[in-house]
Amino acid sequence: MHGTQILDEADRLMTVCNSCRYCEGLCAVFPAMEMRRAFSDGDLNYLANLCHSCGACYVDCQFSPPHEFNVNVPKTLAVARAESYAAYAWPQALSGAFARNGLVISIVAALSMAVFILGFAALNDRSVLLGVHTGPGAFYKLMPHNAMAALFSAAFLYAILALVMSVRAFWRDIGTPIGGRADGGSIFQAIRDAGELRYLHGGGVGCYNEDDKPNDRRKLYHHLTFYGFLLCFAATSVATLYHYLWGREAPYPWWDLPVVLGTLGGIGLIVGPIGLFIAKSRRAPELLDEQRYGMDVGFIAMLFLTGLTGMLLLLLRETGAMGPLLALHLGAVFALFITMPYGKFVHGIYRFAALVRYAQERRSEAGS
Amino acid sequence: MSSKYDVLVIGGGNAALCAAISARRGGASVLVLEGAPKFYRGGNTRHTRNMRCAHDAATEILTGPYTEDEFWEDLLRVTGGQTDEVLARHMIRESKDILNWIVEQGVRWQPSLGGTLSLGRTNSFFLGGGRAMLNALYLTAEKLGVDVEYDAEVTDLVIEDGMFLAARLKRPIKGETEIRATSLIAAAGGFEANIEWLKQYWGDAADNFLIRGTPYNRGSILKMLLDKGVQEVGDPTQCHAVAIDARAPKFDGGIITRHDSVVFGIVVNKHAQRFYDEGEDIWPKRYAIWGRLVAAQPDQIAYIIFDSTVVTSFMPTLFPPIAGQTVAELAGKLELDPAALDKTITEFNAAVRPGTFDHTILDDCVTEGITPQKTHWARKIETPPYLAYPVRPGITFTYLGTRVTKEARMLMAEGKPSANMFAAGEIMAGNVLGKGYAAGMGMTIGSVFGRIAGREAARHAKN
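Protein chains in written order, with this note's numbering: chain A, 1 to 368; chain B, 369 to 831.
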């Protein structure tokens, strides 16, 4: 018996699947399962986070509902995965944020944006807030650069700390010896597997979404979202280097690297989340963890909001709307940062850790 | 009448879909009538996982060549010569091209599954298993414009003078209770799920049989054809049976209820007596004999008994073994006579001779002085907990079928080929497979003869 009902069910399913093994060519979950004959909580959480929810094993399974063996691996692992986020959250006092995540994320986002708007309004004259500012340093007329940098660095560092602590708990629980490190080869393999979403492919034909006809749309939207996010992050990083190394202050002209990266990323962060949202709302309910709808949509909405406010800011930065839009954008980004460790964002971190572990297992199996 | 098709396919498994696709590609309009609901479509194909095809060189997924001659020798051995050589050699030749053809129909291969390395050279495995294969075939068929109806039970076939005219339906389809077609392809499997029919040969013992596939494999089409003058082939009394867990559901437990632990222990009946050499032969040849052996025991039940030292020697099982710290405790849980079980195990242990255990070869671990002897892999059962799996016969398929020509055309009882009736898959497997089985052969028969039947049926309809 395991700690939770869903882990008991996951254990039952993995026992069924381990005596069948027809799905072992579909993804990483089943080969990892085959390396075990019994499953600890950590093993099940590892398998749950290794699952990319492509749905192929459900459609291909001769024992899925209405069969009496009632094998639904994607849904069971989706629930187990979501519960694992709360189980490993740091500090544990905040793990409750996962329970009603959509609500939590909305409130934090709304508060954050409101505080930035009100703060801008309180600290700036109306004429400054709604005025037209152009040229280097325009943004910092509304919020001093050092204040902005300090606030966002603090939020970002906190997010990193919380994520590191959480994933550390996961890493220990999935059976890596304490202090044991991942080797470079496994990490590189995991970066490749995550980067191309190798296991979000239904064994080669694509994901199962609204029906039994597979396609690659979810993978495409996820790529747009993920690489959009990375490009935006790169834009901010380049801008930071510009600022500190060369003393060049934002905003930058449209052809300059931070703006080019940010624009491309922003488009990805608008189109990708819209696609993911549509895909989610159309997906067959038997494959979904409906309880976590709020968490999934909350995160998609945060990314979308970040992309949208950023793009609007770029388009309207030479008008009087710049001030309010800057406040909204900073509010969205701030909320995104501080909720990172307590929302769907963590799926990428845990899945990456699981992929590293899987690459390690494969390498040690091949070596033995 | 509006609904006349060129080709009517009855059945919904591998053979039926290969036939439908092949007929459609041959230019025919095609209707597939699957008697089962959509989820259970495909009969035994749902539970398959690989196909045996001849090939002259290793491929991406096959570890080495498997020539036509070698395939033929394997077939000859498993059937003990009960096969039609012309048909069988034709099938083997055609199987070579099926490896590619089936991929063109959307099916994907993968190397042999974990735990089946012995098949890595001869058998190609379906990525995702038999249901994945079916899904791919259905998608392709529908894309090509084949009409498919589920829950479409056929109640009667109108056949005149060896000529198919129409099929009558239990529930109307598009307002019609009768479907006419220029050609018929029967690909509706055997009668393994028809307990009453099995009882004709097995008596009440059949009540204790478990059926490994869906409850829809009732053989009703086979019966209609034989009743209407099609020549039969194959031994009607025979079926393929393996030992499966007695706790499995009555129907559709599939592959995961099987046990392959016989060689690691002993097998006793309800009187706690051994009844056959557990070490006779190596997997997978031994696999198919235990169903029949258990079927011959009282109440059709037996128990594989082993000890804790061998638990990890075979694949993990769906149902956990029943355990006891002592032989008596185990006997109690199995409702066997403790004294009798203790005596059987004690005598067995005393008869075990020293040897070097190796389950991958016919090793030298034997018993002496007991009957039946265990001729390989005999080791003492003495390390608690003592463990057991209860097993019953699990019926996979039946051998009775319709006789066909190389063109998959049915032969009538008087020896005349039917004008427009073809058969493919399990319903005609008895032509090639008079008895016995080798992994993946059922799917070979289905795909090869399905493809041929579709082609010939379309040719007939288009002429």
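To be clear, the hints were calculated from the coordinates, so they are not data collected in a lab.
Accuracy of the hints is not assured; some may be wrong.
[Said to hold, decoys possible] Computed footprint of chain A on chain B; a stretch qualifies when at least three of its residues, placed anywhere within it, have a C-beta under 8 Å from a C-beta of chain A:
hint	segment
1	494–501
2	618–630
3	679–689
[As the list claims (entries may be wrong)] Straight-line alpha carbon distances no greater than 27 Å define the calculated DSSO-like cross-link-like pairs of lysine-lysine that follow:
hint	chain 1	residue 1	chain 2	residue 2
4	B	K591	B	K803
5	B	K567	B	K542
6	A	K219	B	K511
7	B	K372	B	K711
8	B	K830	B	K784
9	B	K538	B	K596
10	B	K406	A	K213
11	B	K542	B	K638
12	B	K711	B	K701
13	A	K280	B	K701
14	B	K542	A	K280
15	B	K511	A	K213
16	B	K542	A	K213
17	B	K567	B	K711
18	B	K711	B	K511
19	B	K803	B	K464
20	B	K596	B	K464
21	B	K596	B	K372
Because the structure is a prediction, the values reported are computed rather than measured.
Beta carbons are placed, not taken as given, at the ideal position from N, Cα and C, and that holds for glycine.
Results for each hint:
no.: 1; hint: 494–501; result: holds (count 7)
no.: 2; hint: 618–630; result: holds (count 4)
no.: 3; hint: 679–689; result: holds (count 5)
no.: 4; hint: K591/B x K803/B; result: holds (20 Å)
no.: 5; hint: K567/B x K542/B; result: violated (37 Å)
no.: 6; hint: K219/A x K511/B; result: holds (24 Å)
no.: 7; hint: K372/B x K711/B; result: violated (69 Å)
no.: 8; hint: K830/B x K784/B; result: holds (22 Å)
no.: 9; hint: K538/B x K596/B; result: holds (19 Å)
no.: 10; hint: K406/B x K213/A; result: holds (15 Å)
no.: 11; hint: K542/B x K638/B; result: violated (54 Å)
no.: 12; hint: K711/B x K701/B; result: holds (17 Å)
no.: 13; hint: K280/A x K701/B; result: violated (49 Å)
no.: 14; hint: K542/B x K280/A; result: violated (35 Å)
no.: 15; hint: K511/B x K213/A; result: holds (11 Å)
no.: 16; hint: K542/B x K213/A; result: holds (25 Å)
no.: 17; hint: K567/B x K711/B; result: violated (35 Å)
no.: 18; hint: K711/B x K511/B; result: violated (64 Å)
no.: 19; hint: K803/B x K464/B; result: holds (23 Å)
no.: 20; hint: K596/B x K464/B; result: violated (35 Å)
no.: 21; hint: K596/B x K372/B; result: holds (22 Å)
Hints 5, 7, 11, 13, 14, 17, 18, 20 from the earlier list are contradicted by this structure; the remaining hints agree with it.
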